Amino acid sequence: MALVRLSQIHFNFQTAAQPLFEDLNLTIAPGECHLIHGYTGCGKSTLLKLLLGILERPWEGEREIADGATLGVVMQDPNVQLLRQTLGAEVAFALENLGVASHEMLLQVRSALRRVGLYISLDTPISSLSLGQRYRLMIAAQLVLEPDLLLLDEPWAQLDDQGVQELAAVLTQLRQQGVALLIVEHHQGVFKDLVTHRWQLSQGQLQALSAQEVDTSPEQVCWRESPCWPQGSAVIDSHGFTLAFRERQKLFDAESLLLFPGEIAALVGDNGCGKSTLLKSLAGIQAGIDPLGIKVFGQRPKLGRFGADLALLHQRPSRQLFENTVIEEMQFSLKRYGLPLDRAIALLGQLGLTTLARHSPHTLSYGQQHLIALASLACLRPKLLLLDDPFAGLDAHFTDKIVALLMELSRQGTALVIASHRPIAALPVDRLWRVADGRLETLSASPQAYSRVG
Amino acid sequence: MMNNKGFNLHDALFIGFCATLLVALKGMLRLKLGLSGHSMFLMSFFYLICYGAVGKRGAISLCGLLAGMMAMTLGVGKGGPFLLVKFGLPAIAMDICLLLLPSLLALKWRCIILALVGTLAWASKGLIEGLLAGMSTQVVALQFAKSLLFGSFFALLAAMLVPPVLERLRSHDLIDREEI
Amino acid sequence: MWARRGVRAPGVRRAKRHFAVNDTRWCALAILLALGLSSCAFLLPLSWLHYLGLANLLLLIQGRYLGGRLRGLLVIFTSQLAITSLLYLLLHGLERLPEGIIAVCRILMAMIPGWWLSVACSPQRIGEVLSFCLPHKWAFVLTACFGILPYLGQETREIYQMQVMRGANIRLKSLWRPKHWRELIYCVLYPLLIQLLKLSKQMATAARLRQFGRHPKPTHWPY
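Residue numbers (the working numbering), protein chains in the order written: chain A, 45 to 498; chain B, -18 to 161; chain C, 23 to 245.
It should be emphasised that the hints constitute simulated quantities derived from the structure, not laboratory data. Each hint should be verified, as a subset may be incorrect.
Simulated pairs of lysine to any residue, SDA-like, Cα-Cα distance not exceeding 20 Å [to be verified]: (1) C:239 <-> A:360; (2) A:88 <-> A:233; (3) A:379 <-> C:203.
Anything over 12 Å on all C-beta distances counts as not near chain B; from chain A, calculated [as the list claims (entries may be wrong)]: (4) 107; (5) 158; (6) 389; (7) 464.
Predicted, not measured: the structure shown is a model, and the values here were computed from it. Beta carbons: idealized from backbone N, C-alpha and C, even for Gly.
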């Protein structure tokens, strides 16, 4: 007996030339786990909306749901789905809305939290939870509705390895209890012990993938083969520091930090270990910490001090887009810093995005917006470029484009620091700065790289 | 034409978030800019954005009242329960004015008129306060004139900026109201 | 039902807070008291003003004890006093100056209860009282607004920093010139509005998927 059946679904975005779904079929039965892969922007999230019945634009086909079956969902960013401030209140939200008597709530809330392995006080503020815990909290908030099918949108991209392991354990248990699961995820090597059906969403249809076709190789550090030997004076130089917020527990200790022009450093560590804080400190924009004694271009970093020489790509960089067209967006900083405007046109050509020059940046896909935001910084040719999780949620196609752009910048002499919670296999690096157990460990491809002499 | 159906949750949250941003920015800029009337810039800007983005009657008043409640709760402005009047009065005046304004009028002029009406209501609060506190009519009138002058300057500045922002939001498919 | 994430009323230090209002009913009374005292500042005859002054003095002392800062009140009071006295001197001469000073004192006394309220009552409790007065949907909106305050602050800061690093003329010293305000609106407020539009849509969807608005009489989490 099927829980959910989609048959011959056709769907088209108004502006798109090709239909997103064309004759798409899917059947899910209790206890099954379906994993759907697909490139960025292929319609994975749209498929979830369609299943949930919240797709705003019209579509054709049939969507059947078994009588009385309930669907639960955890969307891409759990933070925007958290509606309350404490753990208990968050889980009870759905019960409140169903008019469940107050005295009956406690039992159901506790049971849901137990099922996801969260054994912490009900008054715990959500702000104090890790991202992995928040993710499981969101699942608990769905479990009080006793869902028959749970939909998860790209959990791997945002969770670190520990978070993914904890989630996989919870999902295995849920599946044993008869809950069906549907996970959309562009990374293929994840949840492999859990999956019963694996699909590739491409050209508007779901095509079955066999286990042999799946790339399950773990992400590993890739060292640059012909390392860039230290040239010139250090861009980042520190003899050791402790990163800590005032009056709070420290994030990590570091002994020495060095980066020379043209070098690429990967800053790797779990969620919440202090990667973003370090990047912001290097840019001089992190509030609430004491000066670290790190020198950038031989000076203490401060907002605006280095002009076009230092650029920082924040997480979700599409937030910085505001101009009417892509080309205006890219030329914004060039105009402000008095640099040649034709750099933007040249870079668009190099990225193969010339056709988008006159488009509004807000009508582009997630991957394209990401790329434009990065390109608008790259065309400044900064001497130091800091990137906070620049590959989040991107498929191999966009990852390759970004890697090519970063390698080109490195060849031109830009020093790069790239933060992520896993090593990026596609990006060759000269230095690895790994944060674990309260320490920042520095590794490099060549012993010479530690030298302070240029 | 203006849609008068109730506010859905999306509209209600957007109105609430605009009010939050208004209060948060006011709290941040309060000490940095000691200019009289600068609060009319933020108030006009967010109220008019609510009007344009939500496109329903009453959106401005709700934004004003929510901003008043937020400010009162967070202690921004030190007015206690009177903050509801401070934020709510200009908003309600703008909504009442909307009932009378012809909808065929260009958006730019509608924004300007609404901003001026809002400033009038904002300055009137000071006028009533002064009179109730027992100040002489001339002094109150002078202070009222000063508030009106500075407030109008800032409100007009905001009103001029709102239509292009709304136009941009619409052209980028971020809002789909026919109203603007 | 109501607890905020890391937001503090400006000027309030988290010391040990004896006599702070932590109960919702007391908080409702405190709001009424503040409203009453503020209204009295305008409505009471001159002969009763001393008593009101005394009550306000007590509020000031308690507020100060609870960690409230008086600087803001002092700045408003002195600037109001200076402007009003100047106008009285110019328009009416020295003999009517006391009238102006009393009026400014009345305005100050209308403000003190509001200041005290924000110091003595935790924002959670005030929010709770306000939520009781609102329909369910708007009470939820108000709660969500408080919930996103830290996120909004961080988002504002990050977008501002991003644009400053991209070369926008929006540093504080540039903002003294209104011609740069346009850049601030387009670089910072406009992307923020886009974020707010998206966030309100996502949160509304999340709430609807968790049955928001399904039951005519929703219940409340009692802890």
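For each hint, the structure was consulted:
1. For the hint pairing residue 239 of chain C with residue 360 of chain A, the CA-to-CA distance comes to about 39 Å; that exceeds 20 Å, so the pair is violated.
2. With a CA separation close to 17 Å, the supplied pair residue 88 of chain A and residue 233 of chain A stays within the 20 Å bound.
3. Distance check on the hinted pair: residue 379 of chain A and residue 203 of chain C sit about 18 Å apart at the alpha-carbon level, within 20 Å; holds.
4. Separation of residue 107 of chain A from chain B is adequate, the least Cβ-Cβ distance of about 23 Å exceeding the 12 Å criterion.
5. Non-interface status of residue 158 of chain A relative to chain B is upheld: no Cβ of that chain comes within 12 Å, the nearest being about 31 Å off.
6. For residue 389 of chain A, the condition that its CB be more than 12 Å from all CB atoms of chain B holds, with the nearest at approximately 22 Å.
7. Against the 12 Å criterion, residue 464 of chain A stays outside the reach of chain B, whose nearest CB is about 30 Å from its own CB.
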